[in-house]
Amino acid sequence: MKFLITPDSYKGSMSAQEAAEVMESAIHKVLPEARCEILPMADGGEGTADCLRMCGAGEIVQCVVEDPLGKKIDSEFVWFQEQKKAVIEVAKACGIMLIRPEEKNPMEASSYGVGELINHAISMGCRQLILTLGGTVTNDGGCGMLSALGAELTNGEGQEIERGGRGLMQIKNMDLSVPRQKMKDIEVIVLYDVKSPLLGPGGATRVFGAQKGATKEMLEELEQGMENYAARMNDAAGRKISDLAGAGAAGGIGCALYGICDAKYISGSQYLIESMNIEEKIKECDYVLTGEGSMDAQSLEGKVPVGIARIAKKYGKPVIAFVGMSKGESNQHYESGITAIFCILRKNDSIESILDSAEKNLEFAVENFARVIKMQGKQKV
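Numbering (this note's numbering), first residue to last: 349 to 729.
Hints are all accurate, no fakes.
FRET-style restraints, in silico, Cβ to Cβ: (1) 532 x 683: 38 to 46 Å; (2) 350 x 723: 12 to 20 Å; (3) 504 x 526: 16 to 24 Å; (4) 593 x 373: 36 to 44 Å; (5) 693 x 378: 19 to 27 Å; (6) 591 x 719: 48 to 56 Å; (7) 631 x 450: 43 to 51 Å; (8) 644 x 385: 22 to 30 Å; (9) 683 x 628: 23 to 31 Å.
Using 30 Å as the maximum straight-line C-alpha spacing, the simulated DSSO-like pairs for lysine-lysine come out as follows: (10) 359 x 377; (11) 543 x 665; (12) 359 x 612; (13) 629 x 350.
Quick caveat, the hints were computed from the structure, so don't treat them as lab data.
Every residue, glycine too, gets a C-beta built ideally from N, C-alpha and C.
Please build the complete structure, drawing on both the sequences and the hints.
Written out as C-alpha coordinates, the structure reads:
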(Lines of atoms letter the chains of each structure in order from A and count residues from 1; the text may use other names and numbers.)
(Lines give C-alpha, C1' and ligand atoms only; values in the text may rest on other atoms or scores of the structure.)
Protein backbone atom coordinates (compact mmCIF):
# COMPACT_ATOMS: atom_id res chain seq x y z
CA MET A 1 0.00 0.00 0.00
CA LYS A 2 1.42 3.38 -1.00
CA PHE A 3 0.64 6.81 0.43
CA LEU A 4 1.52 10.09 -1.25
CA ILE A 5 1.87 12.69 1.51
CA THR A 6 1.76 16.22 0.15
CA PRO A 7 0.53 18.86 2.62
CA ASP A 8 0.90 22.62 2.62
CA SER A 9 2.17 24.37 5.74
CA TYR A 10 -0.02 24.90 8.78
CA LYS A 11 0.65 28.59 9.25
CA GLY A 12 2.13 29.47 12.62
CA SER A 13 2.61 25.88 13.75
CA MET A 14 4.18 23.54 11.16
CA SER A 15 6.03 23.88 7.91
CA ALA A 16 4.91 21.64 5.05
CA GLN A 17 8.01 19.48 5.60
CA GLU A 18 7.28 19.08 9.31
CA ALA A 19 3.63 18.23 8.65
CA ALA A 20 4.58 15.64 6.02
CA GLU A 21 7.01 13.97 8.42
CA VAL A 22 4.37 13.83 11.17
CA MET A 23 1.91 12.21 8.75
CA GLU A 24 4.48 9.67 7.60
CA SER A 25 5.37 8.75 11.19
CA ALA A 26 1.69 8.29 12.11
CA ILE A 27 1.08 6.03 9.10
CA HIS A 28 4.09 3.84 9.87
CA LYS A 29 3.06 3.58 13.51
CA VAL A 30 -0.05 1.68 12.43
CA LEU A 31 0.99 0.35 9.02
CA PRO A 32 4.74 -0.33 9.27
CA GLU A 33 4.86 -2.01 5.86
CA ALA A 34 3.22 0.90 4.05
CA ARG A 35 5.27 2.84 1.51
CA CYS A 36 5.16 6.59 1.93
CA GLU A 37 6.45 9.29 -0.39
CA ILE A 38 6.50 12.78 1.07
CA LEU A 39 6.34 15.86 -1.13
CA PRO A 40 5.87 19.07 0.91
CA MET A 41 3.85 21.58 -1.08
CA ALA A 42 3.08 25.28 -1.16
CA ASP A 43 0.50 27.48 -2.84
CA GLY A 44 2.51 30.51 -3.84
CA GLY A 45 2.91 31.68 -0.25
CA GLU A 46 5.43 30.67 2.39
CA GLY A 47 7.57 27.66 1.57
CA THR A 48 7.19 27.97 -2.21
CA ALA A 49 10.82 28.90 -2.84
CA ASP A 50 12.07 25.96 -0.78
CA CYS A 51 9.82 23.55 -2.67
CA LEU A 52 11.15 24.80 -6.00
CA ARG A 53 14.73 24.68 -4.72
CA MET A 54 14.34 21.06 -3.69
CA CYS A 55 13.07 20.00 -7.12
CA GLY A 56 15.91 21.80 -8.93
CA ALA A 57 19.53 22.78 -8.45
CA GLY A 58 18.89 26.00 -6.58
CA GLU A 59 21.10 27.72 -4.03
CA ILE A 60 20.19 30.17 -1.29
CA VAL A 61 21.44 33.73 -1.73
CA GLN A 62 21.51 35.86 1.40
CA CYS A 63 21.26 39.64 1.47
CA VAL A 64 20.26 42.49 3.76
CA VAL A 65 16.96 44.31 3.16
CA GLU A 66 14.48 46.42 5.08
CA ASP A 67 11.71 44.66 6.97
CA PRO A 68 8.11 45.99 6.85
CA LEU A 69 8.91 48.67 9.44
CA GLY A 70 12.22 49.76 7.92
CA LYS A 71 14.64 47.80 10.09
CA LYS A 72 17.59 46.08 8.39
CA ILE A 73 17.26 42.28 8.41
CA ASP A 74 18.94 39.27 6.84
CA SER A 75 16.81 37.91 4.02
CA GLU A 76 17.25 35.46 1.15
CA PHE A 77 16.04 34.18 -2.18
CA VAL A 78 16.69 31.08 -4.27
CA TRP A 79 19.01 31.31 -7.26
CA PHE A 80 19.44 28.90 -10.17
CA GLN A 81 22.77 29.81 -11.74
CA GLU A 82 22.42 27.88 -14.99
CA GLN A 83 19.07 29.44 -15.90
CA LYS A 84 19.87 32.79 -14.25
CA LYS A 85 16.57 32.35 -12.43
CA ALA A 86 15.60 33.87 -9.08
CA VAL A 87 12.72 32.73 -6.89
CA ILE A 88 11.69 35.41 -4.42
CA GLU A 89 9.11 34.99 -1.68
CA VAL A 90 7.82 38.47 -0.94
CA ALA A 91 7.14 37.34 2.62
CA LYS A 92 10.92 37.10 3.16
CA ALA A 93 10.95 40.91 3.11
CA CYS A 94 7.44 41.95 4.18
CA GLY A 95 6.03 38.83 5.79
CA ILE A 96 3.68 38.77 8.74
CA MET A 97 6.17 36.62 10.66
CA LEU A 98 8.87 39.31 10.52
CA ILE A 99 7.30 41.57 13.13
CA ARG A 100 5.67 41.07 16.51
CA PRO A 101 1.85 40.82 16.60
CA GLU A 102 1.55 44.09 18.48
CA GLU A 103 3.60 45.85 15.77
CA LYS A 104 1.19 45.03 12.94
CA ASN A 105 0.02 48.25 11.33
CA PRO A 106 -0.76 48.34 7.58
CA MET A 107 -0.69 52.13 7.65
CA GLU A 108 3.07 51.92 8.26
CA ALA A 109 4.16 48.50 6.93
CA SER A 110 6.02 48.74 3.62
CA SER A 111 7.01 46.36 0.83
CA TYR A 112 10.27 48.25 0.20
CA GLY A 113 12.38 45.19 1.03
CA VAL A 114 10.78 43.24 -1.81
CA GLY A 115 12.16 45.75 -4.29
CA GLU A 116 15.58 45.39 -2.67
CA LEU A 117 15.46 41.62 -3.17
CA ILE A 118 14.55 42.12 -6.83
CA ASN A 119 17.39 44.62 -7.26
CA HIS A 120 19.82 42.07 -5.84
CA ALA A 121 18.62 39.41 -8.28
CA ILE A 122 18.92 41.85 -11.19
CA SER A 123 22.51 42.64 -10.17
CA MET A 124 23.30 38.92 -10.54
CA GLY A 125 22.10 38.92 -14.14
CA CYS A 126 18.60 37.57 -13.57
CA ARG A 127 16.80 36.50 -16.76
CA GLN A 128 13.77 34.84 -15.17
CA LEU A 129 12.12 36.04 -11.98
CA ILE A 130 9.55 34.01 -10.07
CA LEU A 131 7.77 35.97 -7.36
CA THR A 132 5.60 34.17 -4.84
CA LEU A 133 2.86 36.28 -3.26
CA GLY A 134 1.37 35.48 0.10
CA GLY A 135 1.90 35.82 3.82
CA THR A 136 2.51 39.57 3.80
CA VAL A 137 1.78 42.08 6.54
CA THR A 138 1.61 45.00 4.10
CA ASN A 139 -1.27 46.75 2.38
CA ASP A 140 0.64 49.41 0.46
CA GLY A 141 -0.23 48.36 -3.09
CA GLY A 142 3.40 47.44 -3.64
CA CYS A 143 4.39 51.11 -3.50
CA GLY A 144 7.37 50.35 -1.28
CA MET A 145 8.60 47.77 -3.76
CA LEU A 146 8.14 50.22 -6.63
CA SER A 147 10.11 52.92 -4.79
CA ALA A 148 13.01 50.54 -4.15
CA LEU A 149 13.03 49.73 -7.87
CA GLY A 150 13.30 53.42 -8.73
CA ALA A 151 9.71 54.52 -9.29
CA GLU A 152 8.81 58.10 -8.46
CA LEU A 153 5.64 58.28 -6.37
CA THR A 154 5.01 61.86 -5.30
CA ASN A 155 2.31 64.03 -3.77
CA GLY A 156 0.89 67.26 -5.15
CA GLU A 157 3.97 69.19 -4.02
CA GLY A 158 6.39 66.83 -5.72
CA GLN A 159 7.52 65.22 -2.48
CA GLU A 160 7.95 61.48 -2.04
CA ILE A 161 4.92 59.84 -0.44
CA GLU A 162 5.12 58.28 3.01
CA ARG A 163 5.88 54.58 3.36
CA GLY A 164 3.09 52.09 4.04
CA GLY A 165 -0.64 52.26 3.45
CA ARG A 166 -0.71 55.85 4.68
CA GLY A 167 1.01 56.98 1.49
CA LEU A 168 -1.65 55.59 -0.86
CA MET A 169 -3.95 58.60 -0.55
CA GLN A 170 -1.01 60.98 -1.05
CA ILE A 171 -0.15 59.80 -4.58
CA LYS A 172 -0.70 62.45 -7.23
CA ASN A 173 2.07 61.59 -9.69
CA MET A 174 3.47 58.19 -10.66
CA ASP A 175 6.52 57.63 -12.87
CA LEU A 176 7.25 53.93 -13.46
CA SER A 177 9.85 54.35 -16.22
CA VAL A 178 12.86 53.21 -14.15
CA PRO A 179 11.40 49.91 -12.86
CA ARG A 180 9.97 49.18 -16.31
CA GLN A 181 13.42 49.64 -17.82
CA LYS A 182 14.95 47.34 -15.18
CA MET A 183 12.37 44.61 -15.80
CA LYS A 184 11.97 44.85 -19.58
CA ASP A 185 14.26 41.93 -20.48
CA ILE A 186 13.30 39.68 -17.57
CA GLU A 187 10.65 36.98 -17.82
CA VAL A 188 8.45 37.47 -14.76
CA ILE A 189 6.21 34.74 -13.37
CA VAL A 190 3.96 35.62 -10.45
CA LEU A 191 2.66 32.80 -8.29
CA TYR A 192 -0.44 33.75 -6.32
CA ASP A 193 -2.48 31.90 -3.73
CA VAL A 194 -5.65 34.00 -4.07
CA LYS A 195 -7.24 35.68 -7.11
CA SER A 196 -8.38 38.79 -5.25
CA PRO A 197 -8.81 42.02 -7.22
CA LEU A 198 -7.37 45.16 -5.70
CA LEU A 199 -10.60 46.85 -4.61
CA GLY A 200 -14.03 46.09 -3.20
CA PRO A 201 -15.50 43.50 -0.83
CA GLY A 202 -13.24 40.77 -2.22
CA GLY A 203 -10.17 42.98 -2.53
CA ALA A 204 -6.88 43.27 -0.70
CA THR A 205 -8.03 45.59 2.09
CA ARG A 206 -11.49 44.21 2.86
CA VAL A 207 -10.44 40.56 2.91
CA PHE A 208 -7.00 40.70 4.50
CA GLY A 209 -6.64 44.12 6.13
CA ALA A 210 -7.93 43.11 9.56
CA GLN A 211 -5.55 40.18 9.94
CA LYS A 212 -2.71 42.57 9.11
CA GLY A 213 -3.66 44.77 12.04
CA ALA A 214 -6.12 47.24 10.52
CA THR A 215 -8.85 48.71 12.71
CA LYS A 216 -12.28 49.52 11.24
CA GLU A 217 -11.19 53.13 10.81
CA MET A 218 -7.97 52.03 9.11
CA LEU A 219 -9.88 49.78 6.73
CA GLU A 220 -11.89 52.74 5.44
CA GLU A 221 -8.80 54.91 5.03
CA LEU A 222 -6.84 52.11 3.37
CA GLU A 223 -9.64 51.34 0.90
CA GLN A 224 -9.90 55.01 -0.04
CA GLY A 225 -6.15 55.10 -0.47
CA MET A 226 -6.26 51.98 -2.64
CA GLU A 227 -8.92 53.62 -4.83
CA ASN A 228 -6.61 56.60 -5.38
CA TYR A 229 -3.66 54.29 -6.03
CA ALA A 230 -5.71 52.20 -8.47
CA ALA A 231 -6.70 55.28 -10.46
CA ARG A 232 -3.07 56.44 -10.71
CA MET A 233 -1.81 52.95 -11.56
CA ASN A 234 -4.48 52.39 -14.22
CA ASP A 235 -3.53 55.72 -15.82
CA ALA A 236 0.18 54.89 -15.70
CA ALA A 237 -0.43 51.43 -17.18
CA GLY A 238 -2.79 52.70 -19.87
CA ARG A 239 -5.32 50.01 -18.97
CA LYS A 240 -7.47 48.97 -16.03
CA ILE A 241 -5.26 46.53 -14.16
CA SER A 242 -6.76 46.92 -10.69
CA ASP A 243 -9.60 44.51 -11.53
CA LEU A 244 -7.34 41.75 -12.84
CA ALA A 245 -7.15 38.44 -10.99
CA GLY A 246 -4.35 38.55 -8.44
CA ALA A 247 -4.05 42.35 -8.41
CA GLY A 248 -4.99 42.34 -4.72
CA ALA A 249 -2.56 39.57 -3.79
CA ALA A 250 0.09 40.40 -1.17
CA GLY A 251 -1.56 43.67 -0.21
CA GLY A 252 -1.63 44.93 -3.79
CA ILE A 253 1.88 43.91 -4.86
CA GLY A 254 0.14 41.95 -7.60
CA CYS A 255 -1.23 45.18 -9.05
CA ALA A 256 2.18 46.88 -8.92
CA LEU A 257 3.75 44.04 -10.88
CA TYR A 258 1.02 44.28 -13.53
CA GLY A 259 2.03 47.93 -13.86
CA ILE A 260 5.76 47.50 -14.47
CA CYS A 261 6.16 44.30 -16.47
CA ASP A 262 4.41 41.81 -18.70
CA ALA A 263 4.14 39.26 -15.90
CA LYS A 264 2.52 35.88 -16.28
CA TYR A 265 0.20 35.11 -13.36
CA ILE A 266 -0.18 31.46 -12.36
CA SER A 267 -1.79 29.69 -9.42
CA GLY A 268 1.08 28.86 -7.07
CA SER A 269 -0.19 25.40 -6.24
CA GLN A 270 -0.75 24.59 -9.92
CA TYR A 271 2.77 25.72 -10.82
CA LEU A 272 4.30 23.51 -8.12
CA ILE A 273 2.10 20.55 -9.01
CA GLU A 274 3.47 20.72 -12.55
CA SER A 275 7.07 21.44 -11.51
CA MET A 276 7.15 18.54 -9.05
CA ASN A 277 5.49 16.03 -11.38
CA ILE A 278 2.73 15.40 -8.85
CA GLU A 279 0.30 13.92 -11.37
CA GLU A 280 2.57 10.97 -12.15
CA LYS A 281 3.06 10.31 -8.45
CA ILE A 282 -0.70 10.40 -7.84
CA LYS A 283 -1.18 7.74 -10.51
CA GLU A 284 1.17 5.40 -8.62
CA CYS A 285 -0.29 5.72 -5.10
CA ASP A 286 -3.28 4.24 -3.28
CA TYR A 287 -4.07 7.20 -1.01
CA VAL A 288 -3.21 10.90 -1.11
CA LEU A 289 -2.82 12.70 2.22
CA THR A 290 -2.81 16.49 2.18
CA GLY A 291 -3.73 19.38 4.43
CA GLU A 292 -3.48 23.05 5.37
CA GLY A 293 -4.22 25.31 8.32
CA SER A 294 -7.71 26.40 7.28
CA MET A 295 -10.01 25.00 4.61
CA ASP A 296 -12.54 27.58 3.50
CA ALA A 297 -13.88 29.34 0.42
CA GLN A 298 -10.40 30.59 -0.48
CA SER A 299 -9.21 26.98 -0.66
CA LEU A 300 -11.22 26.65 -3.87
CA GLU A 301 -9.22 29.46 -5.52
CA GLY A 302 -5.95 27.57 -5.83
CA LYS A 303 -4.86 26.23 -2.46
CA VAL A 304 -2.92 22.97 -2.26
CA PRO A 305 -5.53 20.40 -1.12
CA VAL A 306 -8.06 21.32 -3.80
CA GLY A 307 -5.40 21.52 -6.51
CA ILE A 308 -4.17 18.04 -5.57
CA ALA A 309 -7.72 16.69 -5.33
CA ARG A 310 -8.71 17.84 -8.81
CA ILE A 311 -5.91 15.76 -10.30
CA ALA A 312 -6.53 12.75 -8.06
CA LYS A 313 -10.20 12.78 -9.06
CA LYS A 314 -9.22 11.99 -12.66
CA TYR A 315 -7.63 8.74 -11.51
CA GLY A 316 -10.14 7.78 -8.83
CA LYS A 317 -7.62 8.20 -6.02
CA PRO A 318 -8.97 8.99 -2.53
CA VAL A 319 -7.75 12.27 -1.08
CA ILE A 320 -7.79 12.78 2.69
CA ALA A 321 -7.34 16.34 3.94
CA PHE A 322 -6.23 17.05 7.51
CA VAL A 323 -6.91 20.69 8.34
CA GLY A 324 -6.68 22.96 11.34
CA MET A 325 -10.24 24.10 10.79
CA SER A 326 -12.93 23.86 8.13
CA LYS A 327 -15.29 26.75 7.42
CA GLY A 328 -18.29 25.94 5.24
CA GLU A 329 -18.11 25.12 1.53
CA SER A 330 -17.51 21.42 2.32
CA ASN A 331 -19.72 20.20 -0.51
CA GLN A 332 -17.67 22.17 -3.02
CA HIS A 333 -14.48 20.72 -1.56
CA TYR A 334 -15.89 17.22 -1.93
CA GLU A 335 -16.96 17.95 -5.49
CA SER A 336 -13.39 19.01 -6.28
CA GLY A 337 -12.20 15.51 -5.41
CA ILE A 338 -11.51 15.56 -1.68
CA THR A 339 -12.81 12.31 -0.20
CA ALA A 340 -12.81 13.31 3.47
CA ILE A 341 -11.85 16.28 5.62
CA PHE A 342 -10.56 15.79 9.16
CA CYS A 343 -10.22 18.79 11.49
CA ILE A 344 -7.28 18.18 13.80
CA LEU A 345 -8.42 20.51 16.60
CA ARG A 346 -9.43 18.39 19.57
CA LYS A 347 -10.83 21.04 21.91
CA ASN A 348 -11.58 24.73 22.15
CA ASP A 349 -8.48 26.42 23.48
CA SER A 350 -6.33 29.51 23.16
CA ILE A 351 -4.59 30.18 19.86
CA GLU A 352 -1.22 29.67 21.54
CA SER A 353 -2.23 26.27 22.90
CA ILE A 354 -3.71 25.20 19.57
CA LEU A 355 -0.51 26.08 17.72
CA ASP A 356 1.68 24.36 20.31
CA SER A 357 -0.31 21.11 20.11
CA ALA A 358 -0.72 21.06 16.31
CA GLU A 359 1.83 18.28 15.68
CA LYS A 360 0.31 15.99 18.31
CA ASN A 361 -3.20 16.65 17.02
CA LEU A 362 -2.17 15.96 13.44
CA GLU A 363 -0.44 12.74 14.47
CA PHE A 364 -3.54 11.63 16.40
CA ALA A 365 -5.86 12.27 13.42
CA VAL A 366 -3.64 10.54 10.85
CA GLU A 367 -3.01 7.59 13.15
CA ASN A 368 -6.74 7.03 13.57
CA PHE A 369 -7.28 7.27 9.83
CA ALA A 370 -4.58 4.63 9.38
CA ARG A 371 -6.36 2.38 11.89
CA VAL A 372 -9.48 2.49 9.73
CA ILE A 373 -7.42 1.54 6.68
CA LYS A 374 -5.85 -1.32 8.63
CA MET A 375 -9.27 -2.61 9.71
CA GLN A 376 -10.55 -2.45 6.13
CA GLY A 377 -7.59 -4.58 5.08
CA LYS A 378 -8.40 -7.21 7.70
CA GLN A 379 -12.04 -7.31 6.63
CA LYS A 380 -11.02 -7.93 3.00
CA VAL A 381 -8.91 -10.90 4.13
